[in-house]
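2 protein chains.
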Amino acid sequence: MSAPEQRYIGLDVGRTIRGALVSAEGSILRQHRVVSEVSDAQVFVDQLADVIKTLNNDQESRRAAAAGIGWAGLVNQSAQSIEANPNLVDVSSYDLHAQLERDTSLPVVIDNDANVAAYGEWRAGAARGARDVFFVTLGTGIGAGLILGGVLQRGTRGFAGEFGHFKVDQDGLECGCGGTGCLETVASGPNIVRRVREKLFSDPSFSVSKLARDMEGTLTAERVMQAATENDDLATLVLRDTGIVLGTAIASIINLLNVEVVVLGGGVMAAGDLIMRPIREGVKRATVSQAFKCVRIVPAELAQEAGMIGAAFLARDLFGG
Amino acid sequence: MSAPEQRYIGLDVGRTIRGALVSAEGSILRQHRVVSEVSDAQVFVDQLADVIKTLNNDQESRRAAAAGIGWAGLVNQSAQSIEANPNLVDVSSYDLHAQLERDTSLPVVIDNDANVAAYGEWRAGAARGARDVFFVTLGTGIGAGLILGGVLQRGTRGFAGEFGHFKVDQDGLECGCGGTGCLETVASGPNIVRRVREKLFSDPSFSVSKLARDMEGTLTAERVMQAATENDDLATLVLRDTGIVLGTAIASIINLLNVEVVVLGGGVMAAGDLIMRPIREGVKRATVSQAFKCVRIVPAELAQEAGMIGAAFLARDLFGG
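Each protein sequence line maps, in turn, to chains L and S.
Mapping the first sequence onto the working numbering, position 300 (from 1) lands on 300, and the numbers just tick up by one.
To get the working numbering, take the position in the second sequence, counting from 1, and add 1000.
Looking at chain L on its own, in the form it has when it is part of the complex (with noise of 0.2 Å):
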């Protein structure tokens, strides 16, 4: 562990940008965010750079010993190389890691999204001291990350965390994975939007919901979550039986790995317990009973800030003193 006064940054890399400097109690001390450039990777890499130089423009005494990076993409951890990341500017001809210790003069480790989010709500959040974890974010898409026998396990490749592409029907939709029935076609953000304008063409009793109104292209996920929490029948059930099929889901991980906690973040959490009351029915459905005694089912503590807060905690824990 690092000396109190050492100071981590923490990058959360996605459509936007979202630094922060840490401290390293996990005390968010300084913020910078800038919208990810979509179309030039050289300039996307600077901008990297740059809130990194931003967060650490200080004096000398009170500068970040290193910084970790939560990627939206698949990261191999052990190669420090991007391997894909579907929603950003493609960046695979650049030795991204190489390319920022250089511009910053800061030791950088890079790593997976959900996987940095897993270690803030796990080295801060809401799975402290516990040594068997699964985390899963409930977005536009659904990843997770995973911490067993107290070590965070990236997989062979680094590729583990993939809890999006869960097969939950055999004979589901067809998802951009090239799979068919992967819970991401049922239950992430843009999926429980389609349902709700499927459940509004298909059903007129439905015709009565706040929803109704939303219809032409401007409905979104954020729109769904703040309806349940007004009471909106339409809202309520499609988000019951998405926590119910997610619920089954964590309850086969459950079967398998026996871990002590369930973390669920991500936007979909917004809908708060009406979300997470299907989900723990769900899986407490599904799972056998002992696997079930000793598991809690948590929403996740640090919110927004868990990839930030992980990031840096990944660095101060690679690189602290």
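It cannot be assumed that every hint is accurate.
Derived pair list, reagent style EDC-like, types lysine to aspartate or glutamate, alpha-carbon separation capped at 16 Å [to be verified]:
#, chain 1, residue 1, chain 2, residue 2
1, S, Lys1199, S, Glu1174
2, S, Lys1199, S, Asp1214
3, L, Lys293, S, Glu1281
4, L, Lys53, L, Asp40
5, S, Lys1293, S, Glu1281
6, S, Lys1293, L, Glu83
In short, the hints are calculated from the structure, not lab data.
Following the hints, put chain S in place on chain L, whose structure we already have.
Positioned in the frame of chain L, the structure of chain S alone reads:
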């Protein structure tokens, strides 16, 4: 690692108690087996101690240094206590671990049977040298063992590995665990037999199957495997469907854990390529491409000996000099 001349005893405890004296390199030097007592717990516990003592009844210099036990049931590995053993006589009122150490004068370690078989295949079999391994045993039940990050993962209470209760069908059959649509309700040995029977009843074209004459109660999973290797259409078809379901479930785990090798053992693997090929096809269909590219799907190498060797090696690695 222990000195090469050290020896260890491994027991695989199910309806039969299978014991072996194993060299530190994994050679089986001597074997002993007895049918498990099913009604008297004290007799059963004495049997276990007797198998160990019989294997260890040699001149002083050749005696074993420790014993490992793979147990067909739930084991709280950290407490070294038996939590459930559905197919054996109930020993929950015994402190089995303390009693065996006292009776045999050896250090003893107890673990779940799938865990020790996974350990055997990892240390001395098909997964030698790998860091991230998913071991699945396909038989009367379906179990699993996980090595992740080079460590056998037992979960928070030692219950990890309940892959048989992985949900494959939201509307599936009821399972003994209380859930529905568990993998075991499709792909366990007894359920393979059930599905053969159902096809024989429902489709007259299968009346030419070798299996038709076994309908009156004598049909076994072994018989189905054998018929498949003799080109029986019905057996081949049911095994093919079984393999696809298994492969699809295994794919969900590969997506989540990014293991480098999946090892398949147990009685159902007697069907060889007739089960391996559809399993590989199911895996390929449902795995995200990056994870698929770096995984091998292989049969177990140690066959019936995996449990004994794994249990002996668990003792070696825990107690070895």
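Evaluated hints:
no. : hint                  : result
1   : S:Lys1199 - S:Glu1174 : violated (19 Å)
2   : S:Lys1199 - S:Asp1214 : holds (13 Å)
3   : L:Lys293 - S:Glu1281  : violated (36 Å)
4   : L:Lys53 - L:Asp40     : violated (20 Å)
5   : S:Lys1293 - S:Glu1281 : holds (14 Å)
6   : S:Lys1293 - L:Glu83   : holds (13 Å)
Going through the hint list in order, the structure does not satisfy hints 1, 3 and 4.
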